[in-house]
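2 protein chains.
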Amino acid sequence: MHFADKLYGRISSTGSRIVIGIDPDPRRLLAPDSKFRGAFPGKSDEYLLDAFCSTVIEIAQAYACAVKPQAAFFESMGILGWKALASCIQNARRHGIPVILDAKRGDIGHTASAYAQAYLHPESEFFADALTVNPYLGPDTLEPFVAMAKRNGCGLFVLVKTSNPGSCAFQDLKVVDRPEEAPGSVAAKVAEAVDSLGRSNIGTSGFSNIGAVVGATYPEHLELMRQIMPKAVFLVPGYGAQGGTPDDVKPAFYPDGTGAVVASSRGIIFAYESHPNPDHADILEAMAKAAEKARDDINSATIAST
Amino acid sequence: MHFADKLYGRISSTGSRIVIGIDPDPRRLLAPDSKFRGAFPGKSDEYLLDAFCSTVIEIAQAYACAVKPQAAFFESMGILGWKALASCIQNARRHGIPVILDAKRGDIGHTASAYAQAYLHPESEFFADALTVNPYLGPDTLEPFVAMAKRNGCGLFVLVKTSNPGSCAFQDLKVVDRPEEAPGSVAAKVAEAVDSLGRSNIGTSGFSNIGAVVGATYPEHLELMRQIMPKAVFLVPGYGAQGGTPDDVKPAFYPDGTGAVVASSRGIIFAYESHPNPDHADILEAMAKAAEKARDDINSATIAST
Numbered sequence: 000m001h002f003a004d005k006l007y008g009r010i011s012s013t014g015s016r017i018v019i020g021i022d023p024d025p026r027r028l029l030a031p032d033s034k035f036r037g038a039f040p041g042k043s044d045e046y047l048l049d050a051f052c053s054t055v056i057e058i059a060q061a062y063a064c065a066v067k068p069q070a071a072f073f074e075s076m077g078i079l080g081w082k083a084l085a086s087c088i089q090n091a092r093r094h095g096i097p098v099i100l101d102a103k104r105g106d107i108g109h110t111a112s113a114y115a116q117a118y119l120h121p122e123s124e125f126f127a128d129a130l131t132v133n134p135y136l137g138p139d140t141l142e143p144f145v146a147m148a149k150r151n152g153c154g155l156f157v158l159v160k161t162s163n164p165g166s167c168a169f170q171d172l173k174v175v176d177r178p179e180e181a182p183g184s185v186a187a188k189v190a191e192a193v194d195s196l197g198r199s200n201i202g203t204s205g206f207s208n209i210g211a212v213v214g215a216t217y218p219e220h221l222e223l224m225r226q227i228m229p230k231a232v233f234l235v236p237g238y239g240a241q242g243g244t245p246d247d248v249k250p251a252f253y254p255d256g257t258g259a260v261v262a263s264s265r266g267i268i269f270a271y272e273s274h275p276n277p278d279h280a281d282i283l284e285a286m287a288k289a290a291e292k293a294r295d296d297i298n299s300a301t302i303a304s305t
Numbered sequence: 000m001h002f003a004d005k006l007y008g009r010i011s012s013t014g015s016r017i018v019i020g021i022d023p024d025p026r027r028l029l030a031p032d033s034k035f036r037g038a039f040p041g042k043s044d045e046y047l048l049d050a051f052c053s054t055v056i057e058i059a060q061a062y063a064c065a066v067k068p069q070a071a072f073f074e075s076m077g078i079l080g081w082k083a084l085a086s087c088i089q090n091a092r093r094h095g096i097p098v099i100l101d102a103k104r105g106d107i108g109h110t111a112s113a114y115a116q117a118y119l120h121p122e123s124e125f126f127a128d129a130l131t132v133n134p135y136l137g138p139d140t141l142e143p144f145v146a147m148a149k150r151n152g153c154g155l156f157v158l159v160k161t162s163n164p165g166s167c168a169f170q171d172l173k174v175v176d177r178p179e180e181a182p183g184s185v186a187a188k189v190a191e192a193v194d195s196l197g198r199s200n201i202g203t204s205g206f207s208n209i210g211a212v213v214g215a216t217y218p219e220h221l222e223l224m225r226q227i228m229p230k231a232v233f234l235v236p237g238y239g240a241q242g243g244t245p246d247d248v249k250p251a252f253y254p255d256g257t258g259a260v261v262a263s264s265r266g267i268i269f270a271y272e273s274h275p276n277p278d279h280a281d282i283l284e285a286m287a288k289a290a291e292k293a294r295d296d297i298n299s300a301t302i303a304s305t
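The listed protein sequences correspond, in order, to chains Y and F.
For what it's worth, numbering that gives the first Met the number 0 labels the leading residue of the first sequence as 0, then goes sequentially.
For what it's worth, numbering that gives the first Met the number 0 labels the leading residue of the second sequence as 0, then goes sequentially.
Honestly, I wouldn't trust all of these hints.
[Said to hold, decoys possible] Across the chosen pairs, the derived CB separations fall in these ranges:
#1 F:Ser-199 <-> Y:Arg-150: 41 to 49 angstroms
#2 Y:His-94 <-> F:Lys-42: 32 to 40 angstroms
#3 Y:Asn-298 <-> F:Glu-191: 40 to 48 angstroms
#4 Y:Pro-182 <-> F:Asp-44: 49 to 57 angstroms
#5 F:Glu-284 <-> Y:His-94: 47 to 55 angstroms
#6 F:Pro-164 <-> Y:His-279: 49 to 57 angstroms
#7 Y:His-120 <-> F:Lys-42: 55 to 63 angstroms
Since the hints were derived computationally from the structure, they do not count as laboratory data.
From the three backbone atoms N, C-alpha and C, an ideal C-beta is built for every residue, glycine too.
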């Protein structure tokens with residue numbers, strides 16, 4: 000099945016445009032005095048990691064259109080982390096939840112193919128529904144990912160404009176391709192490449208399997224990006240803990256509420272930390288409440304008028 | 000010890016400016032009829048991977064200033080690959096060979112810190128001497144890597160100008176940000192950021208621990224980049240199999256032969272494939288011969304006049 004269609008199926012069935020980020024930060028989760036550890040006395044780190052991912056997946060089943068495991072946090076725990084990532088991806092997919100692996104990979108030619116093999120091939124332990132990729136090396140380096148994604152019903156989200164304060168340094172540089180051309184930004188040139196790479200694989204939803212990461216912290220960019228990449232699903236980070244509001248994400252969406260999904264991580268997955276002494280039921284309840292609120296806030300900002 | 004000093008110590012003791020890339024491409028190495036498998040009849044994939052990495056490390060001990068494991072190939076083999084990568088890194092370091100992990104990571108804030116924790120922290124199973132990083136997200140996203148590298152005597156190589164044909168698409172875009180200034184390229188702006196990030200940690204060798212990846216396939220860029228980043232060690236890919244010649248890499252070096260190291264992978268590590276039916280001794284000999292030639296070619300092109 001086409002990735003965008005899979006995602007839109009989930010958006011219909013859950014009524015949610017929220018992608019829950021799974022960021023198992025070991026400093027917050029595995030510290031001796033962590034509140035999560037407190038809910039599972041005497042359990043190993045391995046157990047806690049799996050319990051955390053399973054808990055988030057349980058919440059995502061009801062309140063999210065997809066989950067987005069952040070590779071970096073898993074990688075920071077070595078082999079233990081990689082095993083937990085494999086379980087997490089497989090568990091979410093078993094529950095029918097699309098998995099967007101946030102690994103921001105990118106490399107040239109045969110090396111890019113190896114990354115695609117690692118994350119977008121059905122025989123891999125880490126087979127995900129979609130992968131985030133970094134475009135700096137050039138559009139030719141995205142092609143092995145594009146080919147593998149198309150073959151296996153997967154998606155890509157290409158970093159276009161990120162949500163961090165310093166994203167302006169290179170992404171917003173004004174550039175000209177040819178002297179007679181009006182200047183655009185680097186991010187706009189990347190967006191043109193994303194649009195072009197995605198045109199050959201549009202699903203019945205009307206969207207391509209090649210999406211774009213465009214941060215919620217720069218609403219004025221979202222509007223321009225929406226114009227340059229009409230067929231791309233936007234993965235919008237920066238909502239919640241990073242400062243983006245529901246109104247900020249609005250320009251990523253079409254008036255009918257399609258066109259984007261909004262990532263939220265810490266605001267949901269660590270919501271239980273405000274509880275003085277949570278047990279597993281309290282953890283589930285706090286995550287559910289935060290996820291439900293995020294879902295409703297985004298829906299009312301983006302589809303209020305329909 | 001400062002990373003650049005460690006690297007220059009190795010260059011002195013081995014007389015080599017070659018970094019051998021460890022690219023255990025499973026299609027070439029683990030195929031049922033692969034020549035490498037033929038040299039170890041009846042052995043498991045796990046055994047073959049470790050044997051391949053150990054063989055390259057044995058060659059590197061004599062002929063290379065560092066090794067550069069390519070994360071993508073290890074990642075493409077799942078948990079098996081990650082275990083092999085941990086062994087490979089630890090084995091090379093045990094032999095006193097600096098390890099430059101080519102993983103091209105990059106992400107924002109706390110996520111970048113998690114990647115730095117994964118590869119530049121002494122307690123990690125994947126602790127390397129240096130890591131390649133991708134600058135697209137902005138200089139602020141490199142800072143967690145810079146801080147961790149400085150703390151642990153590690154280095155970074157920031158992608159500036161890569162060796163692939165499409166690297167021009169974004170890296171060579173002409174910047175028109177400041178009208179009074181002569182327009183530079185995006186890669187030149189990245190190079191300025193690399194120079195600035197590296198100024199605070201110069202070793203006794205005179206070089207910073209923050210280096211740059213600048214491809215050998217664009218010699219005219221090498222010269223300009225050498226001017227913008229006078230204190231950065233250049234990691235120059237694209238030599239050999241990718242088409243760069245010894246003369247092409249010359250502008251990366253200062254006249255005294257310092258300033259750069261040259262990566263070569265496939266031309267060395269798969270040199271045995273031209274042998275009809277190699278045993279382990281033949282494999283070692285073919286790799287040694289190719290590595291020795293690469294070392295001598297680079298030395299005679301870059302330090303001929305001294």
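Which of the listed hints are not met by the structure? 7
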